[in-house]
Each structure stands twice: as structure tokens, then as C-alpha cells.
Amino acid sequence: MWADVIVTLVKLGVVLAVMLTAVPIMVWVERRGSALIQDRLGPNRVGPFGLLQPVVDAVKLLTKEHLTPEGVNRFLYYLAPGIAMVVALSTFIVIPFGFDPGLELFGHPIHGFLVAPDLNIGVLYIFAVGSLGVYGIILAGWASNNKYALLGGIRSSAQMISYELAMTISVVSVLMTTGSFRLDRVVEHQSHAWLGFIPAWNVVPHILGAITFIIAVFAETNRLPFDLPEAEAELVAGYHTEYSSMKFAAFFMSEYINMVTASTLIVLLYFGGWSIGPVLAHPQGWGGALTSVAVFGLKVAFFLWFFVWVRWTLPRFRFDQLMAIGWKVMVPVAVLNFVLVGVMMALGWPV
Amino acid sequence: MIAVPVPWILALSAVLFVLGALGVLLRRNAIVIFLGVEIMLNAANLAFVAFAMERAGSGSVSSAISGQLFVFFVIGVAAAEAAVGLALFIAIHRLKETIDVDRLNILRW
Amino acid sequence: MVIWAFLVFAVLAVVFTTLAVVHRSPVVNVLSLVMVFFFLAAIYAVLGMDFLAAIQLIVYSGAVLVLFLFVIMLLNIRRVERFGSGRPVQAALGAAAAIAVGALVVWAVRGLAPVTGGVTPDAFAGGTAAPIGRMLMTTYLFPFELISVVLVAALVGAIALARRES
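Protein chains in written order, with my numbering: chain R, 9 to 359; chain Y, -3 to 105; chain U, 3 to 168.
Since the hints were derived computationally from the structure, they do not count as laboratory data. Only a predicted model underlies this, so the values are computations on that prediction, with no experimental measurement involved. Note that beta-carbon positions come from the ideal geometry of N, C-alpha and C, so glycine has one too. Treat the hints with care, as some may be off.
[As the list claims (entries may be wrong)] A few chain U residues facing chain Y, derived, Cβ under 7 angstroms:
1) 14
2) 17
3) 21
4) 23
5) 35
6) 37
7) 61
8) 82
9) 96
10) 151
11) 154
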């Protein structure tokens, strides 16, 4: 009993530490990556290759003055960044970070790299908690008492609802072939090979679903080309116009943490998690388990880079274009994918 | 493990239902009235859950699942209702610049 | 343990429902309702109905209430009338009616509820999603189809209502 509690707390601590470390690294990657794409140098003064730049940024944000604008609803104004952070951090407890060959520590089973191993609703939990994240943005927009912030909040609420639909429908096909909400089962399902050498990743049979899912998570994380809620060319800084110092940092961090969640979900649902076909499907012992974590991390890192890559390559949509794509393209394509996979299953194809 | 008594769940459901009804009958802003309706629907859901749990306690798992399915259907209807209701409010607001139900009285003689 | 969790969530749900009904700012009303639905989902989860808890959060908190907030912000409703203000006779009658309806419901249900019955969440070991899905496709197939028709009708109706004539 107590051993389980301690194991869970340690896992929570490790996951939190990894997430909060991933944020400054991603900030650095984003700034250097954008510089690379735009053919300039980027931050290169603090530490080797500017690696310590995020640390300096954090110190700057921490020591800045806390400004509270006139006429705001104080309670909601302070609550909003908190909601954004808490929601972003609490989705991680159902994500398996690697294979569990029945690992034991000091003779006690630790149930792999999953914080909540007994939660049967896996993916649904992520959607349920993730759907609360929009409140942070809407509240920030409403409580700021600023027209640009309000516009950002309104845009965000419409955008989130629209793209959540496409995202959920595209995931249904994966859940259908897996027969479980649990993400470790989803990976298990992909841990074999077709014709002996093609990894049986879901991205092949569910290609339409994978595309709509990836586009939808870009919208859900408010990243370009869908960062309409904070479009700086139109809305100053959108919903966080009135936020400074650590309150701004909370929004900033939650955006990056959401990117990490999105990348892990893409990898787990469509790119085989830690498995490469039958390789690493059932690694043995601590060495094998840690290798699976490393492979998983590499795949996630690729999609994180993909986020940066897209952001500095594509221009922003107009709001009417955004809604038109969401409802007239994404939802129908997601439904088509769902029907196609259903037909494939009915025909008995190995999907 | 100690069980949750079914009457407690029903009591919570009754309290929520009365609070929702109070909201519907005593408020005059259409959106808040609508929130009251949502509260009442959720109170009903809780009652369904309570009876489903009672069935599960007496060993009939399939009727316990039925109770949860009713909740599922109520949630579906509530979503449909919210979509139509909010569209109505937008249409009314465009016409009258308010959604206070006391001011929507042009059909009164 | 379960019983204490239920009590805590129940009390919090009632507190936030009161706030949702009486507060003057529509945004606070909706946010309190988000909390209420969150605690109801927590109660479902505590009772072992994990699928229902997730659906409650996804549909209500994730979609319906966001839509409410969207409309409030679109119409820019900052503050509305106080709870129970306006004509006193009607307000008193309304309150009496609400309590009477509540009393009626309690009276009607009283005979149905077992006084001693109680359940443990263990009844749904292995998750509720699979049996719910199976029943949805067999026993309740017709209501399931019907609800999709209702949703489509609502969607079309909402678009028709909110559309600007041009």
C-alpha cells in the first residue's frame, strides 16, 4: 500500500521534472530553429550555442514586476494562468513512456513508466482533462478587461470546439482497431511487422486520420498556422496581452507542455510508440525498458521539431478560413477515415 | 470497502434539482435560466446513476449499464438543446439587444 | 474512503451550484457550473463509472459550457440582474414552486429507494466502456440512432436560427 503510494509519487516527480526541463530546451530549440530557418544566428551569447539563454529568460521573467491592469476581475485574472498550467501538467499520468517488462525496484513491482496504470479510460482521460485547458485561455481573455484579449478568448473558444471534434473522430478509428482506450494497448497493437519488415504502425492504414489528428493538435495547442487566439499582427498578443512576468511565463510554459503532450500522443497513436515493428516490442530487463524509453523520446523529439518547423514555415490562416477548414474539410475527412477503417475491419484486413 | 448509500446519491440529486429549478424560476437572464435547466438535467442524471448503482448492488450488471446509457442519452439531448438554445439567444439579442426574458414581451396583450 | 470522497464532492457540488444560480456575473455562473460538472464527474469516477465521468467532462465542460462562454463573450454580457430581484410576489411563488417540485420528486422517489442498499465501485471491474458500447449497439440501437437524428436536427436548426439574413 505505502510502497505503491511512494512509487506513484516518485513517478509523478520524475515526470514533472522531465516536463519542466523539456520546456526550456524546447524554447532554445524554437529560437535556434527559427534562426536556422530564417538564415540568422539566434541567441548565441549565453553559454555554448546560447544553451543557457532559457535560464536567463526565466530569471528575467521571475524578477519582473507583477502588473495588474485596472478594472480586471482579479480572481479570474490570477486563476487563468494557473488553470492553463495545471491542465497541461495533469494529462501526463496516463501516458506510458516506455515498455514495461515487469520491472521491479527493491523487489517491488513499479508497473512500468505509467503514473496511473489502473486507469482504463486512457485516451479519454487525456481528452477530458485537455478539454478543460481552453478555460485558461478564455478566462484570461475575459478577465483582462481588454478588447484584444477578449477577441483572442472568443476566437480560442470557437477554434477549440471545432478542432476537438475532428481530433476526437480521427482517434476513434485507432481505438476501434485496438479495442481499448489504454495507450499501452495501442502501442502493443502496433508492435509487429507486415510482410516481415514494414513496421505495423497505425499511420499506414489510418493515414487520413493521422493527417487530421496532427492538424487538429496544431490547432488545439494554438501553434501556427492556427495561433489565431494570439495573432500578434492583429490582436497585439491576444489572450495574454495583459499578462506579464511569471503569469505570462505560465501561459508560455503551458503551450510548450501541450506541445510535448501532443507529440507523445501522435507517436503513441500513429507511430508505434517505442516499438519499431517487432524490434523493441518486448524488450527485457531494465536495459531494454530504458532503450524503449529512449526510442520513444527520439520519436517525440522529431515531432517537437516538426512543430517548430511548421511554425516558422507556414503563414497564419484567416479566421474564416480556419473555421471553414475545421468544419468543411477536417470533420468530413475524419469521418471518411472512420468509415474506411470500419470497412477494412469488416473485410478482415490486418489493420 | 464501504459502500456509498443509494439514498445519499438521491438526496444530492434532489438538492441539485431544487437549486436548478430555483435558478429557472427566479432568474430573468436567459443564459442563467438555461444554466438552471442544465443543472436540473444533471440532477436527473445523478438519479439515474443512483438507481443504476442499486441494480449493480443487487447483482444485475446489465441494468446497471442501462442506467449509465440513459445518462449518455440525456447528455446527448442536453448538447442538442444547448446548441439550439444558444442560437436562439444570439438571434434574440440581434433583434432586441438584450436576453432578459422580461423584455421579450411583444406577444403580450 | 469512497464514502468520504463522495461526501466531499457532494458538498462542493452543492456549494458551486448555489454560486452558479445566485451570482450576478454570467461568466462566474458558467465557471461555477464547470466546477459542478467536474465534481459530478468525480462522483461518477468514485462510483466506478469511469466512462461516464470522461463523457461528462468532454461533452459538458469541454463543449457545452465553452459554447455558453462563447455566447456570453460574443454578446458581451457583463452583469445581470440580482437573484430574486424584480416582482416580489412572482419571486416568492417561483421559490415556493421550485421547492414544491423538489418535495414532490422526493416524495415520489421515496418508495423506490432502498433504505439500506448501497454499492461498491467494484461492480464495474474492468471498465464500463465495453459493456456500454455493446449495449448501445444491441438493446439500445434505436434510441442511439434517434439521438444522432436529434443532434443533426439541432445542428441544422442552430445554423438556421443564428444565420444572418443577407
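Going through the hints against the structure:
With 7 angstroms as the threshold, the beta carbon of residue 14 (chain U) stays out of range of chain Y, its nearest partner Cβ sitting at about 11 angstroms, so the hint is violated. At about 10 angstroms, the closest approach between the beta carbon of residue 17 (chain U) and any beta carbon in chain Y exceeds 7 angstroms, and the interface hint on this residue is violated. Taken as an interface hint, residue 21 (chain U) does not check out: its beta carbon lies about 10 angstroms from the nearest beta carbon of chain Y, beyond 7 angstroms. Because the beta carbon of residue 23 (chain U) sits about 4 angstroms from the nearest beta carbon in chain Y, less than 7 angstroms, this interface hint is met.
Interface hint status for residue 35 (chain U): upheld, as the beta-carbon distance to the closest one in chain Y is roughly 6 angstroms, under 7 angstroms. Because the beta carbon of residue 37 (chain U) sits about 12 angstroms from the nearest beta carbon in chain Y, more than 7 angstroms, this interface hint is broken. With a cut of 7 angstroms, the hint placing residue 61 (chain U) at the interface with chain Y holds, because the nearest CB-to-CB distance is about 5 angstroms. A hinted interface residue such as residue 82 (chain U) counts as satisfied when its beta carbon comes closer than 7 angstroms to some beta carbon of chain Y; here the least separation is about 4 angstroms, so the hint holds.
With a least beta-carbon distance of about 3 angstroms to chain Y, the hint placing residue 96 (chain U) at the interface is held under the 7 angstroms criterion. Taking 7 angstroms as the C-beta cut-off, the interface hint given for residue 151 (chain U) is violated, the closest approach to chain Y being about 10 angstroms. At its closest, the beta carbon of residue 154 (chain U) sits 9 angstroms from a beta carbon of chain Y; the interface hint therefore is violated under the 7 angstroms criterion.
Hints 1, 2, 3, 6, 10, 11 from the list above are not met by this structure, while the remaining hints are.
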